[in-house]
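J.: Protein chains in written order, with the working numbering: chain W, 1 to 223; chain Y, 224 to 523.
Just so you know, these hints were derived from the structure itself, not from any lab.
What you are looking at is a predicted structure, and each value in this text was computed from that prediction instead of being measured.
It cannot be assumed that every hint is accurate.
Claimed, not checked - For each label pair, taking beta carbons as the anchor points, the in silico distance ranges come out as: (1) Arg24/W x Arg427/Y: 33 to 41 Å; (2) Arg522/Y x Leu133/W: 27 to 35 Å; (3) Ala249/Y x Gly195/W: 47 to 55 Å; (4) Asp215/W x Arg427/Y: 58 to 66 Å; (5) Gly519/Y x Thr198/W: 30 to 38 Å; (6) Val253/Y x Gly195/W: 55 to 63 Å.
Note that CB positions come from ideal geometry on N, CA and C, so glycine has one too.
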Amino acid sequence: MFHVSKSYEAGSFALRDVSLEFGRGEFVFLTGPSGAGKTSLLKLIFAAERPSEGQIVVLGRNIARLGAAVVPDLRRRIGVVFQDFKLLPKRTVEENVALALDVVGTPRRESRAKVFAILKQLGLQHRRYHHPLSLSGGEQQRVAIARALVNEPEILLADEPTGNLDPDLTVDIMDLIASTATRGTTVVVATHEMGIVTRYGKRAIRLDQGRITEDRQAVAALS
Amino acid sequence: MKLWVRAVYFVRSAWSGIRMSPITSAIGAVTIGISLLLLGAFALLVENMEGVLYKLGDELFVTAYLEAGLGAEEQQQLAALVGTVEGVESVRLVDQAEALERFRTGVGRGAALLEGLSSNPLPASLEITLVPERRSAGGMAIVVDSIDGLEGISDLTSGRDWVEGYLRAVGLVRGIGYGLGAILALATLLIVANTIQLAVFARRDELEILALVGASRSFMQTPFLLEGLLQGAAGGAMALLLLFGLFQLVLPGFEFGLEFVLGGVQPHFFAPGQSLVMVAAGAGLGFFGSAAAVAGSWRS
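Based on the provided sequences and hints, a complete structural model is requested.
T.: This is the structure we're talking about:
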């Protein structure tokens, strides 16, 4: 990411002159108060937005010049987890997770096997025929993580993934997300909860009013 | 393999869309069905009226009345000459005696009318049968023009005027059908487009998530197009069944009116191929309606 700025209105910047680089398999926190630009930065990475200025190269593709037809290909290599889970209430857990496999044309039988495997890994295999609204908040977020990971993405983005969860579940969910980085996936987590950042001791980039105010490299985890 | 997997996904997704909003989907299908029922009724009428022309074509012939002073040999020579005219299949000479006999036996009170006449007033004539390709108003006109003016022929009559009048009637019915079809097709497209637009709106969360996980635009749009196509095909099939039901049940009550329009020709229903065209027309209406809706929804 080189000198990237993002402006939604003239004169008002969500991000201003941000330059960053993430390595393969790196686990990075984006911190800062609400409105600091964390979500905008994530949106730029998965091409939901285009930079107003500067260049962003993600998985070898320049987001600023990316054609609309190529965006889906990029997104298939990136998993995204949101604070509000973004699950379809009328679809079962299995169907929600399978959406990511449907778009890449995975055959039904293979898709079911992959979904079962990832749900088992997240301890949700017994819930696969349930609908999201019958699950707890933590379970719903794990379903969202399963959907983001089922395609084995090269990048995992999480926007306030524990914002709606109680402290015990927060640790469970963060442990899950952190474990994906150990398998070579680059993980970027946006959060305003400094307790989590301190707990994992990973690289933490602080944003404030769209600017990077601190880029603290990883230290040994406290726990 | 992937193509097949995608096709299965699209069908499943379209079917699930229909199941999720059965009432709006039914409204779309019924609208297409009603439009096609009206259009199908017109098409069936035109089809049968054209059938009349085809069937009566076998019975259409040109009659050339011969001048009074011709002898039997000259009449034979003239018949042979007419037989060489392009478009003429056969020529039969009806001499004065045969004409009188036909009049006597063919017309109810013919015998009474002829009483008291000292000589035969009926002229000899040539009954000219045309080759099948000329058994139409236009074809008949070409043959009549070739024969008209030959020495020894006093007058020519043919079913040309009747054929032309009937063709105009068929054209009128067909024109009304086309006009009505255009209006109904437009109205149907608008209704289907609105139905699909509602479906797109109802599934906007799903579309957002699909886009997030890397679905292409065509991947997201195809199920809606398929949904419109299925609605249309269902509407077309419904119209076909209703039309067939009406044809079987209601037709006998209109025998007199149909006798007037179709003469002695037995009305017939669409052939299997034509029935398929009706279902395909419904599918096409549904498809284009949803294509308009999808294009509009994605723009907005």
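J.: If a hint holds in the structure, say so; if it does not, say that too.
T.: Now the hints, each set against the structure:
For the pair arginine 24/W and arginine 427/Y, the beta carbons lie near 35 Å from each other, so the given range of 33 to 41 Å is met. As the Cβ distance of arginine 522/Y to leucine 133/W is approximately 33 Å, the hint placing it in 27 to 35 Å holds. In this structure the supplied range 47 to 55 Å holds for alanine 249/Y paired with glycine 195/W, their Cβ-Cβ distance being about 54 Å. With their beta carbons about 38 Å apart, aspartate 215/W and arginine 427/Y fall outside the hinted range of 58 to 66 Å.
For glycine 519/Y and threonine 198/W, the Cβ-Cβ distance of about 50 Å falls outside the hinted range of 30 to 38 Å, so the restraint is violated. A hinted range of 55 to 63 Å for the beta carbons of valine 253/Y and glycine 195/W is consistent with their spacing of about 59 Å.
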